[in-house]
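Fit chain B to the supplied structure of chain A, relying on the hints for placement.
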Amino acid sequence: MISGEDFLSYCVTAALALLSLSFLLTVLRVLRGPTLPDRILALDMLVAIAIGFIAVLGIKTGYAFHVDIAIALGLVGFLATVAFARFVLSRKAKDFDSPKGVKSRAKRGK
Amino acid sequence: MRTLIFRTAAPYLTSLMLLFSVFVLLRGHNEPGGGFIGGLIAASAFAIYGIAFGVPEVRRSMYFHPMAISGFGLFLAALSGLLSYVFHVPFLTGIWTSPSLFGITVDLSTVMFFDIGVYLVVVGSITSIALALEEREDG
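Protein sequences appear in the order of chains A and B. The first sequence begins at 1 in the UniProt record's numbering and counts up one residue at a time. The second sequence begins at 1 in the UniProt record's numbering and counts up one residue at a time.
Read the hints as simulated data drawn from the structure, not as lab findings. Where hints are given, some of them may not hold.
What the hints assert, rightly or not - If you want a taste of the chain A side facing chain B, the calculated C-beta under 10 Å gives, among others:
{"id": "1", "residue": "D68"}
{"id": "2", "residue": "I69"}
{"id": "3", "residue": "I71"}
{"id": "4", "residue": "A72"}
{"id": "5", "residue": "L75"}
{"id": "6", "residue": "V76"}
{"id": "7", "residue": "A85"}
All figures in this text were calculated on a predicted structure; none of them were measured in a lab. All residues carry an ideal CB built from backbone N, CA and C; glycine is no exception.
Just chain A, same shape as in the assembly (with noise of 0.2 Å):
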């Protein structure tokens, strides 16, 4: 029989192994991602993993401020996402609009 503190310590550093492995895999990601978006939306899931990082190490050190870092990174977070996805509309509409960015678009289509 394990003791709670065990259990929880036990935890902790199963916690920190998976968002580890699901950094790991995010990046390759944003390394592979065939196109922008994929790459957007992995960044916006890296900081969802880093917020979950500052949790868990905030349980490990016992230190509550940690909690208030991970709500202000979460809404800078979602202001980057959202700047990346205005950023990728603005470049889609003039895509669209110049007639040399169809005819790329016509012969990327073939």
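Relative to chain A, chain B alone:
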């Protein structure tokens, strides 16, 4: 950006971020936080609002020009430093007072007003930059 979900969520998110920025600002004396990081959070709140509803809407909701807010923050920070002149101590020395309001002791200091000044400077200048960039994107 004309998406319904984002437009519905943006006002709530903006108000939440502004509230959090004030919380970070006021807590900043003894714990992590302070005027600069609080100001950055508030500026990103205005940036989200600007992306959702456009620059004129942000300018209307801020009421004052962003640079005016920035200038008032600088004025407030300098004023909190000048108060030490009255008490014959070096410039920007922290002066504390603890008046009790309705039975609760409230610690007030020039340090806090300096931090609020920093907050306003950061909010004004970063929002001004963000709005200028947004405007050029639209045109």
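Checked hints:
1. Using the Cβ-Cβ criterion of 10 Å, the hint placing D68(A) at the interface with chain B is satisfied: the shortest such distance is roughly 7 Å.
2. With 10 Å as the threshold, the beta carbon of I69(A) comes within range of chain B, its nearest partner Cβ sitting at about 7 Å, so the hint holds.
3. Given hint, I71(A) at the interface with chain B, holds; its Cβ is 7 Å from that chain's nearest Cβ, closer than 10 Å.
4. A cut of 10 Å between beta carbons decides the hint on A72(A): the least distance to chain B is about 6 Å, and the hint holds.
5. Restraint check, L75(A) versus chain B: the minimum CB separation of about 5 Å is within 10 Å; hint holds.
6. Annotation: interface hint on V76(A) holds; nearest CB of chain B at approximately 6 Å, less than 10 Å.
7. Taking 10 Å as the C-beta contact cut-off toward chain B, the hint placing A85(A) at the interface holds, the least distance being around 7 Å.
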